[in-house]
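*Asks:* Residue numbers (the UniProt record's numbering), protein chains in the order written: chain A, 1 to 463; chain B, 1 to 463.
Keep in mind the hints are simulated off the structure, nothing from the lab.
Hints are not guaranteed to be accurate.
The list makes no distinction among identical chains, and a pair is therefore deemed to hold if it is satisfied within one copy or across any two copies.
What the hints assert, rightly or not - In the DSS-like style, the derived pairs of lysine-lysine whose C-alpha atoms are separated by at most 30 Å in a straight line are: (1) K189 <-> K159; (2) K321 <-> K123; (3) K15 <-> K189; (4) K280 <-> K16; (5) K321 <-> K463; (6) K111 <-> K447; (7) K195 <-> K463; (8) K280 <-> K108; (9) K123 <-> K195; (10) K315 <-> K439; (11) K463 <-> K159; (12) K4 <-> K408; (13) K189 <-> K217; (14) K408 <-> K189; (15) K163 <-> K315.
A quick note: this is a predicted structure, and the numbers were derived from the prediction, not measured.
These are the residues of each chain, in order.
2 protein chains.
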Amino acid sequence: MFGKETYIRRRAELKKLVGNGVILLFGNNEAPANYPANAYSPFRQDSSFLYFFGQHRDGLVGVIDVDNDTETLIGDDIDIEDIVWFGSVDSVSNLASQVGVAKSGPMKELKSICNEALRLHRKVHFLPPYRFDTMIQIMDLLGTHPSQQREAASLELIKAVVKMRSTKEAQEVEAIERACEVGYQMHTKAMLTAKPGVTERFVGGIVDGTARSLASKVSFATIFSQHGEIMHGCPSAAPLEAGRLALCDAGCELDDYCSDHTRTYPVTGKFTQRQLDIYKIVEECHDYALKVARPGVRWYDVHMDICRLMTERLKELGLMKGDTEEAVRAGAHAMFLPHGLGHMMGMDVHDMEGLGQQYVGFDEETQPSTQFGTNCLRLGRRLEENFVVTDEPGIYFIPALIDDWRSKGHCEEYLNFELLDTYKDFGGIRIEDDLLITKDGCRFLGKNRIPYHPADVEEFMAK
Amino acid sequence: MFGKETYIRRRAELKKLVGNGVILLFGNNEAPANYPANAYSPFRQDSSFLYFFGQHRDGLVGVIDVDNDTETLIGDDIDIEDIVWFGSVDSVSNLASQVGVAKSGPMKELKSICNEALRLHRKVHFLPPYRFDTMIQIMDLLGTHPSQQREAASLELIKAVVKMRSTKEAQEVEAIERACEVGYQMHTKAMLTAKPGVTERFVGGIVDGTARSLASKVSFATIFSQHGEIMHGCPSAAPLEAGRLALCDAGCELDDYCSDHTRTYPVTGKFTQRQLDIYKIVEECHDYALKVARPGVRWYDVHMDICRLMTERLKELGLMKGDTEEAVRAGAHAMFLPHGLGHMMGMDVHDMEGLGQQYVGFDEETQPSTQFGTNCLRLGRRLEENFVVTDEPGIYFIPALIDDWRSKGHCEEYLNFELLDTYKDFGGIRIEDDLLITKDGCRFLGKNRIPYHPADVEEFMAK
Ligand SMILES: [Mn+2]
Ligand SMILES: [Mn+2]
Chain A
1 MFGKETYIRR RAELKKLVGN GVILLFGNNE APANYPANAY SPFRQDSSFL
51 YFFGQHRDGL VGVIDVDNDT ETLIGDDIDI EDIVWFGSVD SVSNLASQVG
101 VAKSGPMKEL KSICNEALRL HRKVHFLPPY RFDTMIQIMD LLGTHPSQQR
151 EAASLELIKA VVKMRSTKEA QEVEAIERAC EVGYQMHTKA MLTAKPGVTE
201 RFVGGIVDGT ARSLASKVSF ATIFSQHGEI MHGCPSAAPL EAGRLALCDA
251 GCELDDYCSD HTRTYPVTGK FTQRQLDIYK IVEECHDYAL KVARPGVRWY
301 DVHMDICRLM TERLKELGLM KGDTEEAVRA GAHAMFLPHG LGHMMGMDVH
351 DMEGLGQQYV GFDEETQPST QFGTNCLRLG RRLEENFVVT DEPGIYFIPA
401 LIDDWRSKGH CEEYLNFELL DTYKDFGGIR IEDDLLITKD GCRFLGKNRI
451 PYHPADVEEF MAK
Chain B
1 MFGKETYIRR RAELKKLVGN GVILLFGNNE APANYPANAY SPFRQDSSFL
51 YFFGQHRDGL VGVIDVDNDT ETLIGDDIDI EDIVWFGSVD SVSNLASQVG
101 VAKSGPMKEL KSICNEALRL HRKVHFLPPY RFDTMIQIMD LLGTHPSQQR
151 EAASLELIKA VVKMRSTKEA QEVEAIERAC EVGYQMHTKA MLTAKPGVTE
201 RFVGGIVDGT ARSLASKVSF ATIFSQHGEI MHGCPSAAPL EAGRLALCDA
251 GCELDDYCSD HTRTYPVTGK FTQRQLDIYK IVEECHDYAL KVARPGVRWY
301 DVHMDICRLM TERLKELGLM KGDTEEAVRA GAHAMFLPHG LGHMMGMDVH
351 DMEGLGQQYV GFDEETQPST QFGTNCLRLG RRLEENFVVT DEPGIYFIPA
401 LIDDWRSKGH CEEYLNFELL DTYKDFGGIR IEDDLLITKD GCRFLGKNRI
451 PYHPADVEEF MAK
């Protein structure tokens with residue numbers, strides 16, 4: 001939690017941006033895993049609630065009445081039996097005053113507030129819900145069925161929150177730097193643990209445990225896999241095999257901010273020439289983004305530049321063919337790179353993704369693409385100072401996709417399916433870092449760089 | 001997953017026990033943490049769904065039409081874009097045949113099945129839901145508001161499921177043994193990591209990481225705390241302090257079955273005399289339960305025996321006073337032991353808790369108590385062969401509870417508040433093991449015993 005003046009200032013700006021009505025910011029509740037009292041842990045507060053109300057307890061709702069300029073923290077106090085089980089907790093009224101909120105009230109007051117607002121036909125703003133308990137709460141408060149709530153969410157509120165959360169404050173950047181430091185520990189431990197015979201799951205557990213020991217938790221399900229070609233591959237019980245690459249995509253949440261890095265390295269600690277040929281293309285794409293990212297540059301253009309660069313290099317290896325511009329226009333490169341170059345990062349690892357990609361990553365000038373591959377680009381619009389974005393190109397050899405396109409003849413004029421077939425056992429490579437957009441360029445976040453140049457990787461893994 | 005004959009046999013027995021109507025067993029869906037695509041991980045399937053349908057994919061529902069003797073696995077197949085992100089997955093029809101289910105169908109078929117059953121006024125059985133998305137699903141299928149669903153759940157189905165899941169099959173016991181082995185690793189690593197200056201969170205991360213590396217996940221949020229008096233204390237950022245006790249309550253899930261152990265040990269590896277005086281009482285209570293647990297014995301009676309034994313010993317230390325029987329009848333012992341002696345364990349760490357404590361742990365003969373402390377006893381009824389239960393007495397010094405009772409004069413004739421006040425810095429002690437009820441007694445589960453006799457603990461921690 002930051003100082004209370006932070007939250008007071010943010011809410012004041014939010015009121016100005018939204019202009020009128022009643023804003024409801026729902027905090028999260030415990031999320032039962034396999035029965036009501038056994039919740040997923042640790043508790044994850046809603047990021048926008050945290051941004052404006054700063055408190056980590058479950059069962060809270062922030063209410064901002066813009067027209068009457070009042071703020072209320074809603075939540076029920078806990079009793080002695082709860083204290084025995086969960087320890088002492090501040091009263092809701094104390095939680096409110098800690099973040100500069102004047103009023104507080106029990107959950108039943110929220111029903112009165114909503115009834116009154118509905119009676120007076122006032123606008124009630126809420127963000128698109130993603131927790132199903134919140135959907136039931138909104139249904140009971142406002143009468144909107146869960147299936148209608150994403151549409152009923154307030155565009156004014158979404159746009160205001162995106163505007164504010166996109167540009168990171170200095171104290172937020174510091175928090176991300178700390179998270180990246182733990183990310184360094186997670187990744188370098190994995191690099192030193194990975195060797196032939198050790199299971200993917202064992203290494204994944206080391207990564208997860210490090211996040212739990214040094215931060216709060218992982219920022220998303222850790223990917224540690226010899227099958228890097230599966231974008232979201234869970235660590236399996238399979239032992240690592242000499243000759244394969246291991247891909248580790250992992251990050252942590254620390255003090256409410258995330259890290260997100262990917263490294264790919266040989267299980268033996270030594271690249272083969274075939275691996276190196278592909279790796280160097282990914283490395284070049286990764287470093288290109290670093291070189292050009294600065295305020296005013298469209299991330300969509302950088303993504304497309306990288307698609308062209310990758311196509312050029314894959315043509316040199318004989319995996320692609322034909323005119324580069326035409327190949328990229330047809331989306332042929334998506335055989336290798338079926339995802340986007342990067343995304344916003346902050347309190348959420350894909351920052352604000354739940355508010356809608358079209359509002360977070362795009363604007364009137366830059367619209368999302370519908371083409372396979374580029375449709376997964378989560379950020380397209382022009383970069384601004386103090387954006388935090390990921391730079392994460394990759395090249396994958398996905399047997400099911402090779403077979404699918406080949407059987408349809410999709411992009412056959414740009415792809416060498418014969419040669420592609422011999423890469424079905426290759427896996428995938430991704431290199432990902434977190435960048436802060438500065439006044440006239442960008443810089444890596446995190447004091448220590450996780451090794452990624454091939455020579456550095458081999459040297460580090462020889463330890 | 002066990003062999004398909006297991007699931008065929010179980011569903012046949014379930015049909016016999018429930019007798020008529022249509023049974024819906026909802027599998028779980030992904031549970032979003034902070035936006036729709038960022039789910040808590042790993043995915044946790046519903047235990048009763050697993051017990052009867054054995055499959056781990058999200059988005060499945062098992063339908064058993066008892067009257068027409070048909071079984072259907074409901075779920076939507078995934079497409080090529082999903083395969084790119086998550087890898088290949090069996091079709092729903094294959095998933096069905098792997099567990100001996102003849103029919104399968106897409107999710108929209110479930111709506112037709114329910115509409116048809118409602119039209120014919122047939123009984124539709126479902127278990128009390130605990131996932132809010134399942135509640136919305138039930139509301140949309142059957143028209144019951146989430147707040148009414150616990151009451152609308154089928155008592156026949158609950159009782160049948162409890163009857164079957166309470167008695168563990170040999171293959172289930174083997175799975176629990178394997179989980180207990182990982183529990184041994186988790187706890188002994190914590191014992192060897194704990195020392196003055198190391199943070200609670202650091203040790204907790206080691207415990208969690210070990211569960212992730214060697215099993216699937218923790219079976220509940222790991223408790224690792226110098227404040228053992230907080231029943232569900234999260235590991236904090238505080239460093240361990242010489243002179244204090246650390247309490248570790250942790251278990252894992254492996255192959256769908258749980259472990260759950262608690263150990264309490266001195267941060268320095270050496271007990272003080274004051275700690276030993278309390279520890280030996282907990283140890284004696286723990287070992288007493290071991291001695292008497294056998295088929296036919298009421299767990300409620302064992303719990304009360306232990307309350308009396310604890311009261312006797314606390315009187316010897318001067319912390320309690322007066323007549324033992326009267327003290328226990330008044331619930332004075334709950335100052336020290338505000339929870340129950342143990343609970344069922346199986347696929348859920350508190351097995352089947354979501355189905356309702358009154359059906360799982362109690363019966364006509366033995367009803368739940370409403371008295372503070374004993375109301376937290378989750379199991380009271382007579383033990384049967386192949387029950388798996390935990391044995392977990394504890395003694396805690398809870399400052400807020402001491403102050404609360406003292407201010408009210410509650411049980412003052414049985415408590416020495418003067419002396420209690422000097423124990424406010426003590427913390428709490430719990431010793432927990434998992435027992436299999438055998439033909440004529442019980443035995444520990446897990447090949448290796450986590451040290452708990454004081455001399456063994458000190459010897460182990462000196463390593
Ligand atoms: Mn990323
Ligand atoms: Mn337990």
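*Asks:* Indicate, hint by hint, whether the structure satisfies it.
*Replies:* Checked hints:
1. K189 <-> K159: Neither, since 40 Å and 48 Å both go past 30 Å.
2. K321 <-> K123: Neither, since 56 Å and 63 Å both go past 30 Å.
3. K15 <-> K189: Intra 45 Å, inter 51 Å, cutoff 30 Å: neither.
4. K280 <-> K16: neither (49 Å within a copy, 63 Å between copies)
5. K321 <-> K463: neither (41 Å within a copy, 63 Å between copies)
6. K111 <-> K447: neither (48 Å within a copy, 55 Å between copies)
7. K195 <-> K463: Both. Shortest intra-copy (12 Å) and inter-copy (28 Å) distances satisfy the 30 Å Cα cut-off.
8. K280 <-> K108: neither (60 Å within a copy, 48 Å between copies)
9. K123 <-> K195: Answer is neither; intra-copy 58 Å and inter-copy 56 Å both fail.
10. K315 <-> K439: neither (36 Å within a copy, 71 Å between copies)
11. K463 <-> K159: neither (49 Å within a copy, 58 Å between copies)
12. K4 <-> K408: For K4 and K408, the Cα distance exceeds 30 Å both inside one copy (59 Å) and across copies (37 Å).
13. K189 <-> K217: both (16 Å within a copy, 20 Å between copies)
14. K408 <-> K189: neither (43 Å within a copy, 54 Å between copies)
15. K163 <-> K315: Result: close neither inside a copy nor across copies, 41 Å intra and 65 Å inter.
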